[in-house]
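Participant: Let the hints inform the model, and build the full structure from the sequences given.
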Amino acid sequence: METLYAICVGAMTTGGVFLVLRGYTFAVVLGLTLLSYAVNLFLFASGRLVVNGAVILGESDNYADPLPQALVLTAIVIGFAMTAFALILALRARSDLGNDQVDGKTQIYDELPNKARNARQAGDD
Amino acid sequence: MDLMQHLIFFPVLLPLLAGILLLLPPLNGHLDRQRVAVFLINVLLLLTAVALLQKSIAAGPQMYMMGDWQAPFGIALINDRLASVMLLLTALLSLAAHTYACAGDDGRGPFFHPLFMFQVMGINGAFLTGDIFNLFVFFEILLIASYSLLIHGGGKQRTQAAVHYVLLNLAGSSFFLFGLGVLYAAFGTLNMADMAHKAAQLDADDIALAKSGALLLLVVFGLKAALLPLHFWLPRTYAFTSTPVAALFAIMTKVGIYSIWRVHTAIFGDYGGELAGLAVGWLWPLAWLTLVAGVVAVLASQTLKMLTANLVVVSAGTLLLTLALNDVQATAAGLYYLIHSTLLSAALFMIAGLIQEQRGQSQDRFVRGRPVVQPVLLGIFFMVAALGLIGMPPFSGFVGKILILQASSAAVDAAWIWAPLLISGLAAMVMLSRAGSTLFWRAQGQPAQSDGAEPLKIVAVLLLLGASPLMVVFGGPLSELTLAAAEELHRAPVAVAEVMP
Amino acid sequence: MTAIFRNETLFMTLLWIPLLPLLGTLVPLLVYRFGRRVTLALTAMPPAVSLVLVLSLMPGVFNGEVFRWQMEWIPQIGLSLAFHLDGLGLLFSLLILGIGLLVLLYARYYLSERDHMGRFYAYLILFMTAMLGVVLSDNLLQLWLFWELTSISSFLLISFWSQKTEARKGARMALTITGAGGLCLLAAFILIGEACGTYSLREVLASGDLLRNSAAYPVIIILFLLGAFTKSAQFPFHFWLPHAMAAPTPVSSYLHSATMVKAGVFLLARFYPVLSGTDLWFAIVSVVGLATLLLGAYTALFKHDLKGLLAYSTISHLGLITLLFGLDTELAAIAAVFHIINHAVFKASLFMAAGIIDHESGSRDMRQLNGLMKYMPYTATLAMVAAASMAGVPLLNGFLSKEMLFAETLHQSTLGSLSWLIPVLATLGGALAVAYSLRFIHDVFFNGEPVNLPRKPHEPPRYMRVPVEILVVICLLVGIIPDITVGRLLDAAAGAVLQAPLPDFSLAVWHGFNMPLLMSLVAVVGGSILYINRRHLFDFQGQFADIDAKHEFEKCVQWLTAAAGRLQQLIDNGRLQRYITWLVMLSLAVAGWPLLQLDSAAGSRAEMPLELPVLIGGALLLIGTVTTVIFSHLRLLALVMISIVGLIVAIAFAYFSAPDLALTQLSVEVATIILFLLALYFLPQKTPLKESTTQRIVRDLGIASAVGAVIGTLCYAMLTRPLASISDFFIANSKTGGGGTNVVNVILVDFRGFDTMGEITVLGIAALGIYKLLAGMRLYIPRADQDGQSWSKDKNPLMLALVSQSLLPLALLVSAYIFLRGHNMPGGGFIAGLITAIALVQQYVAHGVAWMKERLNLHYHALIATGLLLAVLSGLGSWLFGRPFLTTWFDHFHLPLIGEFELASAMVFDFGVYLTVIGATLLILANLGQLTTSERPKAGEG
Amino acid sequence: MKAVFPMPLHSALLLLVWLLLNGFSAGQLVLGLFLGWLIPLITAPYTDHQSRAGKPLLIGRYILRLLWDILVSNIEVARRVLGRNRKLNPGFIAYPLALTGDFPLTVLASTISLTPGTVSVDFSEDKRWLYIHALHIDSEDAIISDIRQRYEQPLREIFSC
Amino acid sequence: MLSSVILDSAIMVTAGLVLLALLMNVWRMLKGPSVADRILALDTLYINSIALIILLGLYNGSPLYFEGALLIAMLGFVSTAALSKYLLRGDIIE
Amino acid sequence: MDDVINIAVALLLLTGGFFIFVGSVGLMKLPDFFTRLHAPTKATTLGIGSVLMASMLLTSLRDGGLSIHELVISLFLFITAPVSAYMMAKAALHKKVEPLQRTRQRELSSRITRRQPPE
Ligand code: NA
Ligand code: NA
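Residue numbers (my numbering), protein chains in the order written: chain A, 1 to 125; chain B, 126 to 626; chain C, 627 to 1568; chain D, 1569 to 1729; chain E, 1730 to 1823; chain F, 1824 to 1942.
These aren't lab readings, by the way, just hints derived from the structure by calculation.
The beta-carbon is built from N, C-alpha and C at its ideal position, and this holds for glycine as well.
Any given hint could be a false lead.
[Unchecked claim] Partial pick of chain D residues on the chain C-facing surface, computed with a CB cut under 10 Å:
1. Leu1589
2. Ser1593
3. Leu1597
4. Thr1674
5. Ser1678
[Said to hold, decoys possible] Far from chain B, some chain C residues (derived; all Cβ distances over 12 Å):
6. Pro685
7. Leu831
8. Ala832
9. Trp1046
10. Arg1447
Facilitator: Dropping the structure here:
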């Protein structure tokens, strides 16, 4: 079971890192999300794997390690906050820089169908 | 209720409470009240830091156990000389940066003051905590606050810099957690003192794990500390953010350095058994290259803010070299240099901001432009900051430089440290003299019809610059203090072993 | 000679010598408004007093006393405030203060009304202080400190006319060269200090053998000489000096002839007893000195600019002094000291004369200046006397020291069998000196009529001439009666240089017909011939392109910055992808390296058997991961795919005994999806497929796989090792100490409640930051989807609206349920908060912003603040009982009918968490949703 | 009364759910009553359509019928799903509504969706037609009349409209 | 005794059926062809995983899985609704 | 008694599993989106319903009391599943997802999209 768990964590890390290395903000944030899943599973694994040992006193006689669980919980919350910030920063970048690439420069071409691009603006002038 | 017994917690509590209260009536929405409130908090923080410093000198390290749970189970805040020096530095910087911001920058977007307080809270927490996961939490606090402050005021360049800074740091945070997981898996504890205590007796089977974890943390701290090749975020981030924020950010790279001290110098330092000095082999070449890359970037700079930012990289490289030296003298020298470079680079950011405002279209670019409105005042400011950063007497830079040179003179390859260190000073001199003579003297046209810098901004600059000569005048006691702090840091595992079961 | 050391407070006198001018720096800045005369008088006061103090100590010094004053400063680096006055210091102090005062007087007339006299004087006095500091320092580091101060003050003085390009460039070049030298000197001093174990000059001077025998000696010598040579403009660092002539002439005469450039040779003199005496020293110093002597003299001959000629002549004379220190005899050193005096005197007066000429005629070009004897005969006479001294004409001071040089060159073995070259070349140098001196005299004061001068030349104001007169008189007096005038001073200085009893020597004008005199004769005759036949020489020299060092230097610096710029772009291409790649690669390297040393990843802990459900779960997770990556360019799809991952991760948490995590993961997952959807609306729906090249993708896949492999291995290694952790404590104390049976929750709100407080703070700050990002954001709102299809007209689908509102009470009830049992069962404030927030967001989705605005008009940031405040206050409550922050309190109560129940301060904390989460989530999601409405976040609030 | 108990039915339902979740005890009853009072107080503004249903017997019968129908039609539909696709006769049905009111309409549409074989797709804008997708249509009229009689009619009684 | 064996086997068989169902859902998710299909598959996945979690609870004899199932029931709907609204209106909160 | 309950639970579970399975088979093999849309309702209604019922029975047996909190899950599912289906159907129609060729009154789909009454 541990092998499979490690493989999954490795695979998710791979996917996350690959996406983080892309040139578009959306892909990067997506990658960070994937990576944070991997991170959470990894951090969780530092307490080893226990089945049917939830740390509710009196519910089991083979408790899992509660500490990493608490840490992962904190990490999930912080991860959510960070993802939200990064995503909206990506919007801001698109608003300020005109495209959604991480460097704010068009590398190949900026995709946005002309018909969808239109004049209605949601900003102060 | 004896408040003084909770003194260690004040540097975190005060800004946290302030940040919260600023969001609530009667403070929210009133810039004036917020300014006064934060100013008062900053003064309190300064006093607290002084008191803590006094305490740590008088009584050695003290602990504050959150929730009254004993170590290593609860989260400990630890105040020792090193921590309180950092707190004092932060308080001073924060006071100055905030004063500068109150001249008008604070109103260029919502929530400046609460975010500023949260930023200070995060930094102070990172300095105080004795728990490695709590360190992560405070890193995240200071990071998220810095993301938010970074974009204060808006603008394309700022947004672009923020995208890089934020995404890179988010990736960094992932590796932080990977590292933490491995360390917990190996040590079964999160308390850093406990780790230090256990490092030497770690199971052979767990040593490789501990190494991986510790080195992953080195990467993360290196990212904050601007260790090559992780330093790329720094110049644009600092150069493009608003002036007071850039000034406050001067402490940010130092948080990375500080964390390396706490983790790699203390836990995995001389007493780490098989884990001893595991970071040194990696730090050596990377720190050296950081310094060199910093010098290259300094020479390539085209605006004063960019130059200042690149000088921050140089100072980071210098500090990292002292870390690579990994002995008490070097650490002491590094601490002195850290204080000096933080204050002066913050000051130079502010000065650059003032010059930018007064030079019209040319801003702080090294091109001919209209003369500044207050050439004498800004000129003196610039001169002091520049001399300090170059490492020329009579300002604090030279003491730091000499300390480092002396600390490294015994090293096997002293030349490898001396050469880049001295050359970096020369490069700074070349660029700062060019910068100064261009910005102040290569003028055309009339100065702008403005009134010159707001008094608050001048006060802010004076606060920072004033520290530099003081650091020289009181260089004796100060370097004595840094030496004691360094000894305490390096001895930490032994000290813990005496206390811990 | 035995030195008498005194170290008493009485000798504070010594401290006042540099201190007075230091304080005096402020005087001109304060008083310049009151007119030039007052400024001059008041400015001159402190140095004048200092001079008196020096003179008062002079008898003692002549008696062999060394005055000292010392105070600890920064003992950790070996820096103390230490001054001493010995013969050498006395000599230099007299030069610095004496000539300094004359220059002050001179400058008062030289500067025009437009020049800021206060500033000029301040710089000048600052420089004076620095120079005094250099010569009086008894501590190496303090000496270096003042040494650098001379560079800085000279930078300010050279660039005094900062509007002129050449002034700025000249100043920068001087600063760079001397600054670089200063760094070398610092390095040398620290090496000396480390070798000797002290930075006290006195003690260092007594450790000559220690130094010469230390392994670092060659390095020390080279660094030290680099410092000295750059300052004293020795070849090949001489080029900065002529360009420093952009400074006002008083500066040239003071810094660039009499004092600052002498600091280098001062160093040679000061450290002569400890650093000289080896072949290395003599070889380098003599060759460099000789080369400088010849090069300077030769170049001086061709300069049309008066100050240019004098500058090169200065270089040449500095070379001469250096050469003397490089000759292996004590007498040579004495001659060097003597020439320091002589050169300072005649060169300062020459510069002043040149300044007068410039001032009164408007030109310094010798092709324009002719026949000035007629217009300013008095000045001309003074200048000619000084120039004759420079040429080494008998009865003038310059003659004496040059004669001593010639004498010393004769018994040399420094260059082995080539040593005969030294006297020959020295004589050549002498001849060249005669030639350029002749040119100075003939070309300026005779040689027909002036050509196109801007002004008609005339004599300067009376007092402008006084300094020149005084100096010329000294030239004569020393030249005629050397023993009486400078004999004792020279003895004292030379004694200090040698740190040993002086050999016999006599300062007489006449030593009979001997070899040196012959060499002098040859020089005078040769020089005259050279000058007379200068046409040929000029033609010869004309073939070579004139190298403008300043220009070259500028080009060099510009090349350097440009090269740095290119290199910088190579290092930092501004691309995030590269930054992250580095981060990832470095992490890979550091985490992977220790694994390479591990024989096997597997530890001693047995693996659990794999069960089918887990296998399928794993398969789903992998599929979800892979498809997320594959579909990442079709963004909505990728979002759908990543939801599988989130769901399976949640189930995995549930499976592996972490129900709290499962709940948290689930609720965060949904919030994340909504967040992504809200954001995706404003982003392109697809990433262009050509986003990366194939190579790039392969490379990135390679890197990512390597990282995945390392992380996976680490994970496996962790999982298969036994764990001894502090967690047993938590399990043991959760109920008794924390009052809850859900240990994870007790950790969150109690054992490590501080983390949780940080975590909700992060959430709160993120919400504030996001509000900041959204404020004033302008985005294009797509009127149609990616296929060009316009949006559905049904804004609030009926069933969705109705069912959503019916669900709200239920959702709140569930969140109350989750909240209340959190302490003992899976749940808690965070999850409950998210449920409430999502239920409210669902109302936004179903009904729109306007509808919600009417019903829920909360300031979300105030909600966040309230939540945080509650959490903090619940933690502060324990202060009342004298316990640390966050110490929890709980108790069980019994009420009739209701039964036993528990109250805990942790619940208040958890409620704070609950409110913060609601506030933050809504602030983020609702405000993002409001972007398209009139309720859009506005800048300037908060 | 209205101000204190804005939605009594909701309150009752919430109390019930609370007790379902926590089990019955005196303490939970108190807590459930409290929440049953508090939550409707908070959420009343979010409820546009106050239910006017007041016939518990009818409601009970309706629910039982629904459950029975679910059971029966599930078996029928399972057969079709597992059988050959080709035999399937799916189709859209426009169901003419007699029922009025948003809440009753929602209940009807939900009922139709819950019973296997039919899914409510949308209402016409005038809310006089409910569009349904049926997995298999033998006779459109049969389906319509079935719905009318088994669900719509009882609902009209329950909501008295 | 036998009955509990039967029960355990029934739990296993049911879990197997649910897991197969999950795999089929994922298959539909990959296949599409329309985005609506994939959302539908995700929705089904959510619902089926409720069953899986309940089964886990039965298997382990633990009540601690209940809240997870409850939350999926509540929140799965939210994400399906949001995704659908995204297809309909783009702007899910307006 | 326990045996009876155990067997009943087993039966309920198998029934639930079967219908969940059937729903997902439908999702996989049915020919168009609109027929597939029937899958989750199938899974929710009888499938999950049976499993939940089994759970209630079994936990009641084990804990010796009445444990019917699973009803709340059913309640949620019964409320939300139709809305999900409705939203997805609307979305599909809007995105012009083609119904199967032989769908009866296929032409209605464009009217439904525009929420017009039938002709
Ligand atoms: Na919206
Ligand atoms: Na149906």
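Participant: Compare the structure with each hint and give your call.
Facilitator: To see whether the hints hold, each was checked on the structure:
| no. | hint | result |
| --- | --- | --- |
| 1 | Leu1589 | holds, 5 Å |
| 2 | Ser1593 | holds, 7 Å |
| 3 | Leu1597 | holds, 9 Å |
| 4 | Thr1674 | holds, 4 Å |
| 5 | Ser1678 | holds, 7 Å |
| 6 | Pro685 | holds, 33 Å |
| 7 | Leu831 | holds, 21 Å |
| 8 | Ala832 | holds, 21 Å |
| 9 | Trp1046 | holds, 39 Å |
| 10 | Arg1447 | holds, 22 Å |
Consistency with the previously given hints is maintained throughout, with no hint failing.
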